[in-house]
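J.: The residues making up each chain are set out below.
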Amino acid sequence: MGFIWATMKQIAPGMCKRARQRAVRGRILALGLALLGFMAFSLPAAAQNLTVADVNRIIAQAVQEANARARPATIAVTDRVGNVLAVYQMAGAPAAVTVTSGRPIRTGLDGLAGVVPATMAAISKAVTGAYLSSSGNAFSTRTASQIVQQHFNPGEDFGPGGPLFGVQFSQLPCSDLSRRFVNAPALPPLDQLRGPKRAPLGLSADPGGLPLYKGGVLVGGIGVAADGVYGLDRNTSDFDSDMDEIITIAGTVGYEAPRGILADRITVEGKTLRYTDVDPGALLAAPGLAAAAAPAFVNVTGYSDSLTNGGPIAGQVYGTSASGVRPIAPATDGAAYTNVRNIAGGAPHILVTGADAPFNPVIAGAVNGGQNLAVNEVSTILGHALRVANTSRAQIRRPLQSPVQVTVSLVDQEGTILGLARTPDGPLFGIDVSLQKARSVAFLSNVNAAANLNNPAVFPAIRVTATTLNGLIPGHAYAIPDYVAQIRAFMGTTALANGFALSGKAIGNLSRPYYPDGVQTNANGPMSRPIANWSPFSTGLQLDLSVTNILQHIQFVTGAAAVDTGLGCTPVISNVSGLNPLANGLQIFAGAVPIFKNGALVGAIGVSGDGIDQDDMVAFLGLHNASIALASGVSNAPAALRADQLLPGGVRLRYAACPFAPFLGSRQQNVCEGI
Amino acid sequence: MTRMIRFHGFGRSGFLVALAILVCIWNVAAAQERLQPAGVRLSPVMLSDVTAAVVSKQILLDGDAVDTSHVVVQFPGAGALMRDRAGLFQPWDRAPAHLPDNGFTAAGGAMQFKVLNQDLSRINFPLRVTLYYRAGGQMKFGYFDVVQGN
Numbered sequence: 087m088g089f090i091w092a093t094m095k096q097i098a099p100g101m102c103k104r105a106r107q108r109a110v111r112g113r114i115l116a117l118g119l120a121l122l123g124f125m126a127f128s129l130p131a132a133a134q135n136l137t138v139a140d141v142n143r144i145i146a147q148a149v150q151e152a153n154a155r156a157r158p159a160t161i162a163v164t165d166r167v168g169n170v171l172a173v174y175q176m177a178g179a180p181a182a183v184t185v186t187s188g189r190p191i192r193t194g195l196d197g198l199a200g201v202v203p204a205t206m207a208a209i210s211k212a213v214t215g216a217y218l219s220s221s222g223n224a225f226s227t228r229t230a231s232q233i234v235q236q237h238f239n240p241g242e243d244f245g246p247g248g249p250l251f252g253v254q255f256s257q258l259p260c261s262d263l264s265r266r267f268v269n270a271p272a273l274p275p276l277d278q279l280r281g282p283k284r285a286p287l288g289l290s291a292d293p294g295g296l297p298l299y300k301g302g303v304l305v306g307g308i309g310v311a312a313d314g315v316y317g318l319d320r321n322t323s324d325f326d327s328d329m330d331e332i333i334t335i336a337g338t339v340g341y342e343a344p345r346g347i348l349a350d351r352i353t354v355e356g357k358t359l360r361y362t363d364v365d366p367g368a369l370l371a372a373p374g375l376a377a378a379a380a381p382a383f384v385n386v387t388g389y390s391d392s393l394t395n396g397g398p399i400a401g402q403v404y405g406t407s408a409s410g411v412r413p414i415a416p417a418t419d420g421a422a423y424t425n426v427r428n429i430a431g432g433a434p435h436i437l438v439t440g441a442d443a444p445f446n447p448v449i450a451g452a453v454n455g456g457q458n459l460a461v462n463e464v465s466t467i468l469g470h471a472l473r474v475a476n477t478s479r480a481q482i483r484r485p486l487q488s489p490v491q492v493t494v495s496l497v498d499q500e501g502t503i504l505g506l507a508r509t510p511d512g513p514l515f516g517i518d519v520s521l522q523k524a525r526s527v528a529f530l531s532n533v534n535a536a537a538n539l540n541n542p543a544v545f546p547a548i549r550v551t552a553t554t555l556n557g558l559i560p561g562h563a564y565a566i567p568d569y570v571a572q573i574r575a576f577m578g579t580t581a582l583a584n585g586f587a588l589s590g591k592a593i594g595n596l597s598r599p600y601y602p603d604g605v606q607t608n609a610n611g612p613m614s615r616p617i618a619n620w621s622p623f624s625t626g627l628q629l630d631l632s633v634t635n636i637l638q639h640i641q642f643v644t645g646a647a648a649v650d651t652g653l654g655c656t657p658v659i660s661n662v663s664g665l666n667p668l669a670n671g672l673q674i675f676a677g678a679v680p681i682f683k684n685g686a687l688v689g690a691i692g693v694s695g696d697g698i699d700q701d702d703m704v705a706f707l708g709l710h711n712a713s714i715a716l717a718s719g720v721s722n723a724p725a726a727l728r729a730d731q732l733l734p735g736g737v738r739l740r741y742a743a744c745p746f747a748p749f750l751g752s753r754q755q756n757v758c759e760g761i
Numbered sequence: 009m010t011r012m013i014r015f016h017g018f019g020r021s022g023f024l025v026a027l028a029i030l031v032c033i034w035n036v037a038a039a040q041e042r043l044q045p046a047g048v049r050l051s052p053v054m055l056s057d058v059t060a061a062v063v064s065k066q067i068l069l070d071g072d073a074v075d076t077s078h079v080v081v082q083f084p085g086a087g088a089l090m091r092d093r094a095g096l097f098q099p100w101d102r103a104p105a106h107l108p109d110n111g112f113t114a115a116g117g118a119m120q121f122k123v124l125n126q127d128l129s130r131i132n133f134p135l136r137v138t139l140y141y142r143a144g145g146q147m148k149f150g151y152f153d154v155v156q157g158n
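Protein sequence lines correspond, in order, to chains A and B. The opening position of the first sequence corresponds to residue 87 in this note's numbering, with each subsequent residue numbered one higher. The opening position of the second sequence corresponds to residue 9 in this note's numbering, with each subsequent residue numbered one higher.
Derived from the structure by calculation, the hints contain no laboratory data. Please note: incorrect hints may appear among the correct ones.
Computed footprint of chain B on chain A, listed as stretches where at least three residues anywhere in the stretch have a Cβ under 8 Å from a Cβ of chain B [what the hints assert, rightly or not]:
1. 642-650
2. 661-667
3. 731-742
Under the rule of at most 25 Å between Cα atoms (straight-line distance), these lysine to any residue pairs were calculated in the SDA-like manner [to be verified]:
4. Lys65/B - Met54/B
5. Lys300/A - Ala372/A
6. Lys122/B - Lys300/A
7. Lys65/B - Ala132/A
8. Lys65/B - Lys300/A
Glycine included, every Cβ here is placed at the ideal spot set by N, Cα and C.
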């Protein structure tokens with residue numbers, strides 16, 4: 087009342103009484119709306135999930151549009167943690183897709199025709215829509231296409247590579263972290279619906295994958311394969327009429343992302359992201375009136391029993407134990423999480439098993455040079471990294487001034503997971519990617535990296551197997567030791583054995599098809615294929631380490647192979663422990679740094695979920711802050727060993743980059759300077 | 009029904025023949041498998057009944073006089089567990105020197121590594137198993153995946 091009275095007194099005294107009352111009502115209304123807006127952003131979102139009725143409606147809407155356009159489609163719907171809720175294949179839909187970048191490239195997966203089932207493409211697209219999004223950002227596969235190519239924006243000459251360059255090869259079917267669906271209804275359900283689940287082809291950059299929201303809450307994703315092409319958008323300066331995307335848009339009616347968080351409201355490096363090229367007004371059908379879909383559900387080996395089930399299943403409520411991702415439970419998860427849970431902004435989340443125990447419990451690292459990370463050190467580093475995230479301004483989230491939301495993974499120098507925790511609303515893709523980044527950094531900074539990549543007992547098979555399975559141009563199949571030779575020719579004969587600390591950013595520098603990044607008059611970095619053979623489906627060392635796993639998985643899904651890809655992407659084995667140090671694949675963009683202790687490499691921290699500079703800062707500064715708190719010798723790499731001391735090709739590698747003034751409620755600048 | 013759909017276009021009998029050939033190849037490969045100092049990938053093991061899973065592997069020794077033998081199992085997303093002589097598992101700190109000797113014996117120039125013999129219906133697949141033996145001061149090792157049959 088006091089506010090209203092004060093407001094009335096502030097209104098111009100010369101106003102007539104009625105006008106003054108109108109003005110006061112207007113202010114009250116504005117205040118109420120502001121309050122509602124504030125509540126909408128600050129209150130925890132209500133628990134939501136996709137019900138069977140929701141999935142049926144989404145599929146029916148997509149089918150109706152596909153029918154209206156006479157373009158039979160394969161449609162997949164997933165929940166937020168990647169469970170495939172249904173796969174529906176219309177009569178006459180293309181059974182397979184052609185993987186193509188649109189350039190005449192026949193290496194890696196590029197050019198693979200008639201081999202990849204459309205069901206796999208549709209699932210990967212749905213997973214991508216769900217995994218790249220959150221309550222603060224809605225990204226599509228078209229957004230993914232924009233940020234994984236050799237230039238950002240695609241088609242802009244001399245622009246650097248996309249900020250998430252390489253993210254398409256995450257969530258791989260061979261990941262040791264992602265859960266697998268088991269086509270065995272007779273077995274107890276157990277972990278079957280706990281996520282995060284794998285994506286059959288990794289993340290997709292092919293338009294036609296979108297997130298699904300209910301009441302503003304992210305509940306899943308939809309993916310459509312109708313045009314027989316699994317590609318990308320090479321030119322963001324125009325607007326396409328993509329059949330997959332049109333049908334997908336129809337499916338999302340009633341489940342649209344809030345407008346305020348769409349990709350096209352978000353800028354990265356000053357460039358606006360793209361959500362879709364399709365105006366919902368262009369739909370031919372009237373989706374809201376769609377009837378339930380007739381049963382044309384299909385089983386997809388390794389992903390879904392839609393046919394056997396007689397239709398869709400309901401999605402899990404994200405954040406519950408049943409979803410596989412839930413808040414830390416102080417009473418039951420153990421003292422190791424003490425340093426992780428004491429942060430502001432809501433309890434961090436962890437992955438849990440079917441028995442509701444931590445899936446990746448905090449453990450100590452293996453010993454190297456007489457040093458290792460203790461449980462308390464792992465916990466403290468995780469906690470400090472999450473604190474940096476909580477106090478920093480997000481790049482990819484709305485509303486502005488939201489804190490960074492990410493996943494943080496810690497590994498030892500052998501790639502074993504020592505701990506994993508995340509802020510509650512970090513995009514799901516960051517779980518697998520943060521671990522990939524940490525492992526990539528730990529592996530390539532290890533003095534054994536060259537020996538492990540040159541292991542003759544492991545790698546000759548890759549050259550033969552990849553070439554044989556792919557059936558493409560044999561001369562373009564690289565053997566992994568070829569990359570070691572390239573790297574050493576570029577960086578010196580002791581590279582990958584000299585103990586230099588290669589951060590995620592430095593690995594990214596070396597993995598671009600131009601070196602330095604974007605300078606298209608120059609040749610490729612040594613971990614990349616030359617641009618003539620490069621595409622997002624043929625990246626170089628990253629893909630070549632996992633291509634056999636991906637191809638075996640494709641054959642498993644089609645029934646051509648009886649056995650699925652094993653536990654662990656890449657056949658790399660450590661010559662120290664015999665374990666796979668890259669068990670969910672190599673990642674090649676920023677957001678990870680090695681961890682040293684009293685001069686010895688003891689592991690790495692990887693961060694993913696926000697902008698790359700934010701990810702970098704959370705890793706680098708979080709580790710620095712933890713090192714001060716611990717005073718145990720744990721630290722960032724000694725400055726003399728960091729990648730930014732190296733000038734291969736006459737160009738200095740980068741180590742870590744932090745945003746200029748990153749903190750919420752603070753004008754502090756250059757926060758990583760001098761560290 | 010599930011199987012018929014899954015192998016649509018391939019023919020059930022064709023699949024069975026292919027599977028039989030595959031199993032034969034595996035068996036032949038399995039009979040000739042060796043460990044190596046730098047590690048080597050071994051043929052996978054597919055379990056048809058996870059409720060009574062028996063996993064073992066025969067390794068040719070090529071004249072090696074084995075001093076100690078070791079087994080490590082990794083579950084998805086979890087750390088590595090080492091097997092002791094009694095067949096019990098406990099977390100491994102990734103130091104090969106700390107692996108307990110499983111005491112497997114050589115016979116006919118080969119060694120039978122016993123890995124698991126239990127109900128695995130409540131765990132996630134696949135598993136990654138690494139076998140090691142030390143002979144003449146040198147450690148040799150190899151790994152294979154244990155996958156769930158459909």
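J.: Hint by hint, say whether it matches the structure.
T.: Hint check:
no.	hint	result
1	642-650	holds (count 5)
2	661-667	holds (count 6)
3	731-742	violated (count 0)
4	Lys65/B - Met54/B	holds, 12 Å
5	Lys300/A - Ala372/A	holds, 20 Å
6	Lys122/B - Lys300/A	violated, 51 Å
7	Lys65/B - Ala132/A	violated, 51 Å
8	Lys65/B - Lys300/A	violated, 51 Å
This entry does not satisfy hints 3, 6, 7 and 8, going by the numbered hints stated previously.
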